[in-house]
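K.L.:
Chains as they are written, first to last, in our numbering: chain A, 1003 to 1246; chain B, 210 to 631; chain C, 3 to 412.
Since the hints were derived computationally from the structure, they do not count as laboratory data.
Below, computed lysine to any residue pairings styled on SDA-like, alpha-carbon distance capped at 20 Å: (1) 399/B with 1142/A; (2) 594/B with 196/C; (3) 1056/A with 247/B; (4) 399/B with 389/B; (5) 219/C with 34/C; (6) 1056/A with 235/B; (7) 399/B with 1093/A; (8) 399/B with 1090/A; (9) 594/B with 190/C.
Just so it is clear, the structure is predicted and the values come from calculations on it, not from any experiment.
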Amino acid sequence: MIHLKVTNLHKRFGGNHVLKGVSFEVNGPELIGLIGPNGAGKTTLTNILDGAIKPTSGTVYLGERRIDQFPPFEVARAGLGRTFQVTRSFRRMTVLENLFVPALALGHSRGRAELTEQAMEVLEFLTIDHLRNEHAQALSGGQQKLLELGRLLMLDPDVIILDEPFAGVHPRLMEVIYAYIRRVNDAGKAIILISHQMDSIFSLSERLLVLNFGDLIADGPPDEVKNDPAVIEAYLGAEEEETA
Amino acid sequence: MEFPVLFWGVLGWMIFWGVSGSILIRRRYLARDLDTSNATFIGTMAGAALGPVGIAAVWAGTPRASGYLSTALALLAVLIIAVTFSFADPDNICVTSGGFVASQVVNGLIIGIIYGFMALGLSLIFSILGVVSFAHGEFYMIGGMLVYWITEVLMPGVNPLIGVLGACAVAFVIGAVFERLMLTPMYHGKIDRPVEYGILVTFGLAFTLQYFVQAVAGASPVKVQRYVEFPRFRFPAEADLVWIKTSRGSMTLFEQVTISSPRLSAAVTCILVLLALLYFMHRTWTGKALRAVSQDREAAAIAGISPDRMNMLAFALGGMIAALAGALLVQAFSWLPQVGAIPAMRSFVIVVLGGLGSLPGAFVGGIMVGLVEAAGTGCIPDAQKAASYIPAYGMIVLTLTLLLRPTGMFGRRFASGSHGQL
Amino acid sequence: MKRQIPNIAGAAFLLLLAVFPLTYGGADYDYVMHILITGFFYAILAASWSMLSGYAGQFSFGHMGFMAIGAYSAGLFRHYIYLSPEPTGLCAETQFFGQWLVVVNPIGVTSTTLTQDCLRQAMDAWAGSVEVTAMPVLLGVVLGTLMGALAGFLVGMLVLRLRAAYLALFTLGFSEILKATISAEIDITRGQAGLELPALYPSGITLFGRFYEPTDKLPPYYTMLGLLLICLIILGWLAHSRFGLFVRALREDQDAAAALGVNTTKYKVLVFSVTCSMAAAAGAVQGHYVQIITPNMLFLLQMSLVVAMAVIGGIENFVAAAIGAIILQVLLEMLRNSFVIGGVEVDMTIWRLVFFGILLMITLRFFRNGLIAPMIAYFRRQGVAEETVAKRASTVTGPEGGPHRTEAPD
Chain A
1003 MIHLKVTNLH
1013 KRFGGNHVLK
1023 GVSFEVNGPE
1033 LIGLIGPNGA
1043 GKTTLTNILD
1053 GAIKPTSGTV
1063 YLGERRIDQF
1073 PPFEVARAGL
1083 GRTFQVTRSF
1093 RRMTVLENLF
1103 VPALALGHSR
1113 GRAELTEQAM
1123 EVLEFLTIDH
1133 LRNEHAQALS
1143 GGQQKLLELG
1153 RLLMLDPDVI
1163 ILDEPFAGVH
1173 PRLMEVIYAY
1183 IRRVNDAGKA
1193 IILISHQMDS
1203 IFSLSERLLV
1213 LNFGDLIADG
1223 PPDEVKNDPA
1233 VIEAYLGAEE
1243 EETA
Chain B
210 MEFPVLFWGV
220 LGWMIFWGVS
230 GSILIRRRYL
240 ARDLDTSNAT
250 FIGTMAGAAL
260 GPVGIAAVWA
270 GTPRASGYLS
280 TALALLAVLI
290 IAVTFSFADP
300 DNICVTSGGF
310 VASQVVNGLI
320 IGIIYGFMAL
330 GLSLIFSILG
340 VVSFAHGEFY
350 MIGGMLVYWI
360 TEVLMPGVNP
370 LIGVLGACAV
380 AFVIGAVFER
390 LMLTPMYHGK
400 IDRPVEYGIL
410 VTFGLAFTLQ
420 YFVQAVAGAS
430 PVKVQRYVEF
440 PRFRFPAEAD
450 LVWIKTSRGS
460 MTLFEQVTIS
470 SPRLSAAVTC
480 ILVLLALLYF
490 MHRTWTGKAL
500 RAVSQDREAA
510 AIAGISPDRM
520 NMLAFALGGM
530 IAALAGALLV
540 QAFSWLPQVG
550 AIPAMRSFVI
560 VVLGGLGSLP
570 GAFVGGIMVG
580 LVEAAGTGCI
590 PDAQKAASYI
600 PAYGMIVLTL
610 TLLLRPTGMF
620 GRRFASGSHG
630 QL
Chain C
3 MKRQIPNIAG
13 AAFLLLLAVF
23 PLTYGGADYD
33 YVMHILITGF
43 FYAILAASWS
53 MLSGYAGQFS
63 FGHMGFMAIG
73 AYSAGLFRHY
83 IYLSPEPTGL
93 CAETQFFGQW
103 LVVVNPIGVT
113 STTLTQDCLR
123 QAMDAWAGSV
133 EVTAMPVLLG
143 VVLGTLMGAL
153 AGFLVGMLVL
163 RLRAAYLALF
173 TLGFSEILKA
183 TISAEIDITR
193 GQAGLELPAL
203 YPSGITLFGR
213 FYEPTDKLPP
223 YYTMLGLLLI
233 CLIILGWLAH
243 SRFGLFVRAL
253 REDQDAAAAL
263 GVNTTKYKVL
273 VFSVTCSMAA
283 AAGAVQGHYV
293 QIITPNMLFL
303 LQMSLVVAMA
313 VIGGIENFVA
323 AAIGAIILQV
333 LLEMLRNSFV
343 IGGVEVDMTI
353 WRLVFFGILL
363 MITLRFFRNG
373 LIAPMIAYFR
383 RQGVAEETVA
393 KRASTVTGPE
403 GGPHRTEAPD
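All chains should be modelled from the sequences, with the hints used to inform the complete structure.
P.N.:
Written out as structure tokens, the structure is:
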């Protein structure tokens, strides 16, 4: 049973208080949307969950294990995977090799044939199997995004954080990513989806978290959150500031 | 050394507390989530200068430790080493003779100005192209060689100024042509790892230039006449202590400090050219464009500056600066095709110490390295060892800088892409 | 099978090298052998450097420093440590399995009584009644290799946070400090005068039923070739295991590799240790082969040669780098002959290096993967493009349009 528990997470960068006591839990294979205006702390939260930076205070538990002090690679092995806002494929490695990295990092000891088979399955699902022996740098931006999702499938984490998976993606690829999210979710994984595309977030997620200036101001089903006065103010307030 | 135990004991104590301080204070800064880029340096200096007391003080007053404090602590640490040294080795000439020390300091300062000037060229290239030029020493070398060739072989007896100007012009052209031919593919994302490409390709240039000169000019050392001869002069003429006395090739101050004409003329020229360069960078359109490109290539391009032309200019200028340093120093040292290696490394040290890409940093760093070398060569008891260790002094400074404060004194973090990021 | 061509060519090349010393009978036998041995030495350095810099992206300019650590560890070990059945009473010594392990005191080259170290004095006193044994060469080589690995480990730990230009400068600084120290500590290392080492097989060796003198070139030839092969096999095995995959991922994107579960620290330090120990092993063997080591082997020129060989061979393929090193070494020697054009004598001992530098720059500019690696890649990647195109075509013509595949939207 997946259980991610984030308790009272604070993060200060010098005098800048970026996260002010964020707490939430993920129970089971939930599909959660994380939204918030620019500078709300979404990326910081992701980086803390992933282990790239350490929180000032607060804890993160994944199952029984406390992961907030882990380095990123141990977080990944513990079962939390992420994609990056800007695609970061291993550019001069082939598509298949890109997929082998996470699988082998987990201490995969099966034979190469089996590994290739598993990787090909992932690539077929992502509709880029014809590119398997091409270098990742030969792929288009959208294909690289799919490749990054494919790597996560090979890592097979319990909790997946997708940072802006739809940004700059061709509409046709968007369907593939939609299918990916649903399939991974159906397979029993929890997904935290960060996106600025409200349509996608609202149509996909079962639950929404709203961050605003480091505070978690709403947590609930999309319909409820949509009408939450605090959320409306956060978004309208932000717009007012922009126009001012 | 009379009491080596004392000296090495104190040094060991300082190193121990320095390392402890660097670790502890860095942890402290990390735990409090402060910017750690200074923490290691402050921690080390507090530990080295004041031992556990210093670490405790910095620990207690964590966020308040400022740049001034760390500078003061660093100076204190240097002072402690100097005092310990004078107690440990009371007969050393550095301790007994004030005049020798003054002479070393003045000469260190003068040579440091020239070092800083040369490093400036490297820093200029880095700040604009993002390339660490490994051919910098070879530009220095051809600068001297060209002066020799022009003034001794091509046109014997010609004014050395012509030789120096000719050397600068040739180096400028070589720099510009090389940049056009070899470095242009770097800027357009055609190369996967541009920083490494830049290092390798300038390395290739260094190799080629060095052996080309050796093939053409041979491997025997050459030397040119000094450019400036002092008039004979004494002031005050009839006194017990002569304040200033000159002979043809050197000048003596207070009967203690002797400065040779080649070094003095080189340093003065460097300062003049530096002032001209500052005027160029801050008051002319091209100079401002150069600075704009060094801060933000894309923005500069949008503002109508061609970054490609600025790249060419920067590389040529950087090479020319090194060549000028060589052209000025060829009157002081004998010249070989291999002469560039040590100044090149010294320039790397200075540039890292000052902060990669920082022009004032390069100059201040140059003076510091000049002083360190003067202290190292003058005070180490065994003269032969001292001479062998010359290249190492700078490298120790480099290693310490990279470990303690990789951004250097005036460095900024290069966040943009591959430009030598940390 | 076109893909097998590089393997077949490689095997043929290796066979040629293996039988060469047995079949070649020219008058310049020793000279040719010497060039090839030096070629293998550079090949080990170029191959391990290309693993470190090209494969793992850790751009080090200190490789010759590690080589020197290997050579000097072996040399100093041999020079200062002896086994004696009797205590000397003069040297620092300790009991060691019924023998006495004697550490000779350094007296340096400036001493007027060059041979009057403590052991020599003790031996004079014994007047030949006690047999003192020197340490075996092999042990020194192994020790040198281990010291190289240790130094690589420490440097790897120190440079964890440094990238690109900073890493290059730091490693260059490391190498320079080492050179200065070796030059300056004359008492111990004998400085520029050099430390003399015994031959690789100090009492000769019998190979193929024939006895070879210590000065013969054949035993060191096979030793160096064997070391090169061992290094290449280890590198090849590493490159094809997860190690190779991870260090390439590290080179491409360290953060992404860490986010996918790769312990980046561990692999960075590991790649430093492995490649530096290879450089050290090569240095130790070469030191015993040429029988003298000086700080001059740390000159930047030596590093330039290794870098240039690896780049011209192919910086991201260690086999290509090794082959490039051997070919270039032979080529450089062949170009030594000076000639006269129009009454002007062209001194090729220098001009060949000029051409070498130009070749390096041209290779970098126009053949980014080197000159030999692309040939291997050409055969290895046979059919990749065809496969991609074929699969794409099958999408269009397949039954019911086949599975939809994502194309690059242009």
